[in-house]
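Q: Okay, here's what each chain looks like letter by letter:
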Amino acid sequence: MEPVTPPRPARPAGTPVGRRVVLGLLGVGAIGVLTGARIQDFLERTVGPVVAKDGTGLGALLPFGRFRFYTVTGSFPSRSADDYRLRVRGLVDAPVELTYAELRAMEPTNLTRDFQCVTGWRVSDVQWRGVRLADVLDRAGVAAGARAVRFTSFDGAYTESLTLEQARRRDVIVAYELEGSPVSSAHGGPVRLYVAPMYGYKSLKWLDTIEVTDKVVPGYWENRGYDVDAWVGRSNGRDDEAT
Amino acid sequence: MTTAAATPPPAQPLDRFDRTERAVHWCTAVLGLTLLATGAALYAGPISTLVGRRDLVRTVHVLAGIILPVPVVIGLLLPRRGRAFRADVQELNRFDDDDRRWLRRRTHSRARPAKFNAGQKLNAAFLAAAGVVMFVTGLMLRFPERFAVDIRTGATFVHDWFAIGVALAVTGHIVFALRDSDALAGMWRGRVQAAWARRTHPRWYERVTGQRADRLAGSPDGNSSGRERAPR
Numbered sequence: 065m066e067p068v069t070p071p072r073p074a075r076p077a078g079t080p081v082g083r084r085v086v087l088g089l090l091g092v093g094a095i096g097v098l099t100g101a102r103i104q105d106f107l108e109r110t111v112g113p114v115v116a117k118d119g120t121g122l123g124a125l126l127p128f129g130r131f132r133f134y135t136v137t138g139s140f141p142s143r144s145a146d147d148y149r150l151r152v153r154g155l156v157d158a159p160v161e162l163t164y165a166e167l168r169a170m171e172p173t174n175l176t177r178d179f180q181c182v183t184g185w186r187v188s189d190v191q192w193r194g195v196r197l198a199d200v201l202d203r204a205g206v207a208a209g210a211r212a213v214r215f216t217s218f219d220g221a222y223t224e225s226l227t228l229e230q231a232r233r234r235d236v237i238v239a240y241e242l243e244g245s246p247v248s249s250a251h252g253g254p255v256r257l258y259v260a261p262m263y264g265y266k267s268l269k270w271l272d273t274i275e276v277t278d279k280v281v282p283g284y285w286e287n288r289g290y291d292v293d294a295w296v297g298r299s300n301g302r303d304d305e306a307t
Numbered sequence: 022m023t024t025a026a027a028t029p030p031p032a033q034p035l036d037r038f039d040r041t042e043r044a045v046h047w048c049t050a051v052l053g054l055t056l057l058a059t060g061a062a063l064y065a066g067p068i069s070t071l072v073g074r075r076d077l078v079r080t081v082h083v084l085a086g087i088i089l090p091v092p093v094v095i096g097l098l099l100p101r102r103g104r105a106f107r108a109d110v111q112e113l114n115r116f117d118d119d120d121r122r123w124l125r126r127r128t129h130s131r132a133r134p135a136k137f138n139a140g141q142k143l144n145a146a147f148l149a150a151a152g153v154v155m156f157v158t159g160l161m162l163r164f165p166e167r168f169a170v171d172i173r174t175g176a177t178f179v180h181d182w183f184a185i186g187v188a189l190a191v192t193g194h195i196v197f198a199l200r201d202s203d204a205l206a207g208m209w210r211g212r213v214q215a216a217w218a219r220r221t222h223p224r225w226y227e228r229v230t231g232q233r234a235d236r237l238a239g240s241p242d243g244n245s246s247g248r249e250r251a252p253r
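In order, the protein sequences belong to chains A and B.
Each residue of the first sequence is one higher than the one before, starting from 65 at the first, in the numbering used here.
Each residue of the second sequence is one higher than the one before, starting from 22 at the first, in the numbering used here.
Mixed in with the good hints, there may be bad ones.
[What the hints assert, rightly or not] A few chain B residues that face chain A, going by a derived Cβ cut-off under 8 Å, partial list only:
hint, residue
1, L143
2, A150
3, V154
4, I172
5, R173
6, A176
Hints in this document: simulated from the structure, not taken from any laboratory.
Quantities reported herein were computed from a predicted structural model and do not represent experimental measurements.
Beta carbons are placed, not taken as given, at the ideal position from N, Cα and C, and that holds for glycine.
One chain only, chain A, in its complex shape:
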C-alpha cells in the first residue's frame, strides 16, 4: 500500500514556460513604454476615426483620442438653456445676470484649437463657438483694483481662476457650442469656459458665476497641486506642443 500523503516533489519537472511568459510580457511592456507614443499616434490616425464612428458604444471603452469626461462631483449637473443664468459680480461697476439668449445675442467668436488635458490626452481641432470673456466682463464693467477673475461651477464644487490679463485674451471664451451643436451636459453645457492656451482643467464646465477679484484665488485642482498658470507646454512639468 502506498503512503496516504507522500511528500510533495521538491521541484516539479518540466520547462519554466511560466517564467518565459512573464519575462516576455515584461519585455512587451518595456517596449510599449518606449514606443507607445508613436504607436498611439499611429492608432489615433488609423483606427481612431473608425472607433469614433462606431455605433455600438463599445468603442468608447477603448483608449483612443477623444474627450474623456471628468466630473469632480457624483454626477453631471444639468441645467436647461431656458433656466440658465450667467452671473457676473465682485469688483464690477454693476453686477449683471445674462440669460442664454442674451449670451447668444452677443457678438460670437469661433475658435478651432486642440484640447489638451494635463493627464496626457489631446483632441485635435475642436471647434468652439461662444463670446469673448472680455466682452462679458465689459457688460458689467471692471472696477478699479480688479486683478483677477474667479469662476464657479453649478456642480457645486469646481472653481477656477485667471488673472485679469489672461481673462482678456482673445482666445478665452464663454462657450455655448462645441463641434457645431450646443454644448451637452457631459461636456459642461449649456455654457462653459474655454481657455484655449491652457490645460483642460482651466476650462471650467457648467459655468455659473464670474467674480472679479483683487487677487487670484487658486481653483479646485490647483488646491490639489496643479499649477495656477496652466499654459500648455509650459506648466505642470509638461512640454506638450502648444495648442
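Assemble chain B onto chain A, guided by the hints.
A: Just chain B now, kept in the frame of chain A:
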C-alpha cells in the same frame, strides 16, 4: 492509521489551498477588483460619466495599486506558512508534456493535469506579468515629473492596453470559477471533493492520496460523455 481496505475508502475531502494561499488569493482579488472598478471609473468614458468624484476615485485607485503586491510578497516571504504558496508558484511555472496535451484541441481530453491545468498556469503567468507592468507604469503615471513626455505617453499606452488584457483575463477566471462550484469551494474553504480532484486534477489527486486516479471501465467518469469541458 492505515487504509488497508479491499475496496477504495469513501473519499474524504482533500486539502487544496491552505490559509496563506487563500489569504493571498482573496486579498489580491479584492485589491485587483478595486483597481479595475476605480480604473474604469477614471478612464472608461461611459462609466466615468456615471461615477464622477475623480479626486476620491483617484486616491482609492493609487492606494490599492500601491498595496497590490503586498499580499503576494508576504506570502512568498513567510518562512513556514508560505511553503505551500511557494510550491504553487513553482508548479505554475513548470510546463510538461501534459500541459502541451491540454493546450491542443486534439489531445485536450487525454490530458491529466496535476494541481493546475495549463490554462490556469497561463492565466497565472499573464496576471503575474501584467501585475508588474501595471504596477510600474502606474507608478510612472503617479510621479510623471521624472519622465519625458513620450515616455509618459508610452506608460499611459501600456497601462491602458494591459488594463484591457487584465479585465478580460479576470473575467474569464471568474466565469470559469462560477461554472465549477467545486473549484470555487477549493479556494473559498480550502478543501475539494476527492471525486472532483480525481476527475479534473488526476495527477494531483494521485500525489495527495497516494491512490491511482485511473478511470475504471464503466465508471460514471470513465467515458468521454458531454461532461468533459470543450477545449478553449
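Q: A separate judgement is required for each hint: does it hold in the structure or not?
A: A quick look at each hint next to the structure:
A hinted interface residue such as L143 of chain B counts as satisfied when its beta carbon comes closer than 8 Å to some beta carbon of chain A; here the least separation is about 7 Å, so the hint holds. With a cut of 8 Å, the hint placing A150 of chain B at the interface with chain A holds, because the nearest CB-to-CB distance is about 4 Å. A distance limit of 8 Å between C-beta atoms decides the matter here; for V154 of chain B the minimum to chain A is near 4 Å, and the interface restraint holds. Checking I172 of chain B against chain A: minimum C-beta separation of about 6 Å stays under 8 Å; hint holds.
Here the hint on R173 of chain B is kept, as its CB sits about 6 Å from the closest CB of chain A, short of 8 Å. Given the 8 Å rule on beta carbons, the hint for A176 of chain B holds: about 5 Å separates it from the nearest Cβ of chain A.
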